Amino acid sequence: MRRVGLLLFLLAPPCALFAQVSYDRLAGAESESENWLTYSGSYRSHRFSALKQITSENVAKLKPAWVYQIREPGLNETTPLVADGVMYVTEPPSTVTALDVRSGRPLWKWAPAMPRDVRALGFPPVNRGVALLGETVFVGTLHGHLVALDAKSGAVRWDKLVADNAVGYAITVAPLALKDKIIIGTSGGEAGIRGFLDAYDSKTGERAWRFYTIPGPGEPGHETWAGDSWKTGAGATWVTGSYDPGLNLLYWGIGNPGPDWNGDVRAGDNLYTCSVVALDASTGKLKWHFQFTPHDTHDWDSNQVPVLLDGMVAGRQRKLLATANRNAFYYLLDRETGDFLLGAQYARQTWAKGLDKRGRPILVPGMDPSIEGTLVYPSLQGSTNWFSPSYSPLTRLFYVPVREMGAYYFKGEAKYVPGKEFMAGGEQALLGDDAYGAIRALEVLSGKLKWEFRLQSPLWSGVLSTAGGVVFGGTNEGSFFALDAETGKPLWDFQTGGAIRCNPISFSVDGRQHVATAAGFSIFVFALP
Amino acid sequence: MLPSFKPNFLAVVRSMVNALALFVTIPLAGTVVLAESPIPKQTPNDLVHGRRLFQGQCARCHGMDGAGGTGPGLNRSVLTRVYDDQALFSVIKEGIPGTEMPRAWQMIDDEIWQVAGYVRSLGRTARVALPGEPERGKQLYETKAQCARCHIVRGRGSSLGPDLTEIGARRGVSHLRSALLNPGSNKVRDSSGYISFLVIRVVTQDGHEVRGIRINEDTFTLQLRDADNRVHSFRKQELKELTREPRETLMPSFQTVFSPSEIDDLIAYLASLRGER
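In order, the protein sequences belong to chains A and B.
In terms of the working numbering, the first sequence opens at residue 1 and continues consecutively.
In terms of the working numbering, the second sequence opens at residue 1001 and continues consecutively.
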């Protein structure tokens, strides 16, 4: 099947656009480096490009190839996808635009009719990208719909309501396309939702399964919620997860419990908030879970992208899941069983003495939010956040964008009103000269720091590593930059003029490697002259 | 979740809409009735809770007793930008764009009203009159102190230091005093938390030294303004040395230049500058 698809692709005229993006192509995305077919570049979420035309020796010559300016102002967190000559980007709040990758010229644009009172409670109205499968583009919308669009025209194939925006659900996450299903999560962790992850039939839009991140009565884990607190326990699913086709397991990070900063009303560990869950992709049944921050009171969602790789740990070759969590610890898990294998602190933190042998944090007393304010590292935005890490199989380094910032955490009154923010407190962060950002390279199997490149401020951008030995990233101050993947030495930077808060990608056009990033109200695409 | 900076885009839009609503509805309508302020009906418990919230979350800028610091004193019956309880509520909830005053997104409306009620109670306490004489202070400002060499008031002066046209509305008296006596000790930060007028010294690869105040900085570049108000731009990679001097300032101390009563006069003058042009 895959060979047939590849053959058809090769037989197509050189400038023909809009080929089929089959499941086999998605599963083999790592061998198709001229495209960027899925949110993290592959189901394993390495955000690594095998392209090596741009190298640590020549990256300093990189120049803009074209710039596309988005039409609606707003924060631009999209990860572009590229397939067969077309780039698919999203614009805030939920617009999809198809661009010709040679020229940057729009081919079509689709925007949903959005209610005027659409709610984005506790977060800005953003969108992080689309999924591709067959001849269809899939996007989630701020008002809670999952929409299938014809890849050639943007015409709507189907449109399904996923969740009710009136009570605080919203969609910002890029969907993940599997063989015949589209996986979609929701935002709403500050609105007292009951979080879930859904799968929809890619052809019909019918819902195939739903996994609630907060177990209901009679389900395992329900006992970790006091009283009725599970009904408003949050556990949003707002960042795209990863998939192991061999195990048929889907790995997805789960957000904070609600209300965020007052845990008094939700005694218990609050499963499966601040966890990663492994779900049977066919049924949505839970295979295992691992909770990073039990009974979180600092808003440390575990929505970081899980990175899948294999390696020798504790005496044997294993299938691994690596993740740098918002709580300042880096974890290695066995992705078949969920067993905790290793934890290592990678950023400043003051809330835990360390992790026990099962990976559970050993708490420092007195670190809960208070009315007067409690100083804790990291800040509520965490040591890292939704933006992607990268893993290079060549250097065996895990590149993590780091936020070094503390905050005074405040505890407030917990009062649930449907469709309103349900947070019960907040923070005053130590900003500016008291904070900084960094790209850190960790040895993937030990979590040990190999190098650090320090940045002016805690960043909001993911990183991309390439076979050319380069790591790309972006800063709040608008610099798109390249580092040496082995040493962290800065090699090149370009001032885009707008804050960068997205994940970079790489692809090739007519045999020429390109790198793309969103910045400010624009998409920038770079190539060698 | 909260993956964004705060105030976020929606908050900015909301504050613009709120501000517009306040301007538009009152003169035009006559039919529009703003919700009644709950402050007159607040209980002693509300006041106690408002005080705890204020001391935890507001006092770092406005002082423990609301007498001011890097932020203005709030122990007055008439507050700048605040003409009624609703406006006070809005300022606390939405912040003041372009200033260090953040929006209080961490508090629910009931808590904001408790804080507003406590702030109103500060205005009912007796104010201590400033000891200095503003007119004498103005004379000193324009002559002996030569403040206009670095500062602008009502469009007159030089732009090396901060514009002082509304300094009395933005800073408390204690801050003004320490700024005159020990200017390096009490640094103000901008709305992003960066130290305003931070002194940085750099040495270029060819040994050229520049010392000045930071205009802007990012990971890769730095822009400085030297004591002669000249702008310098550097690539950080091209610098041999870069030293931050957070305790230093280009402003001289007036501790030994003026008598205590002259300092009082200067403070009285500065405190009187509340934005009139």
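Since the hints were made in silico from the structure, they are not lab data.
Do not take every clue at face value.
Straight-line Cα separation of at most 20 Å, SDA-like style, residue types lysine to any residue; simulated pairs [what the hints assert, rightly or not]:
#  : chain 1 : residue 1 : chain 2 : residue 2
1  : B       : K1187     : A       : G432
2  : B       : K1236     : A       : K415
3  : A       : K415      : B       : L1242
4  : B       : K1236     : A       : A60
5  : A       : K61       : B       : H1049
6  : A       : K415      : B       : K1187
7  : A       : K420      : B       : K1240
8  : A       : K415      : B       : H1049
9  : A       : K420      : B       : D1110
10 : A       : K489      : B       : L1242
11 : B       : K1240     : A       : P220
12 : B       : K1236     : A       : Q495
Everything numeric in this text was worked out from a predicted model, so none of it was measured.
Here is what the structure says about each hint:
1. K1187/B x G432/A: Holds, because 13 Å separates the two Cα atoms, which is no more than 20 Å.
2. K1236/B x K415/A: Cα-Cα ~49 Å, so violated.
3. K415/A x L1242/B: Distance of about 50 Å is beyond 20 Å: violated.
4. K1236/B x A60/A: holds (16 Å)
5. K61/A x H1049/B: Violated, because 60 Å separates the two Cα atoms, which is more than 20 Å.
6. K415/A x K1187/B: Violated. K415/A to K1187/B sits at ~38 Å, over the 20 Å cutoff.
7. K420/A x K1240/B: violated (53 Å)
8. K415/A x H1049/B: holds (16 Å)
9. K420/A x D1110/B: holds (14 Å)
10. K489/A x L1242/B: holds (18 Å)
11. K1240/B x P220/A: violated (61 Å)
12. K1236/B x Q495/A: At roughly 14 Å apart (the allowed maximum being 20 Å), Q495/A and K1236/B satisfy the hint.
In the structure shown, a violation is registered for the earlier hints numbered 2, 3, 5, 6, 7 and 11, in ascending order.
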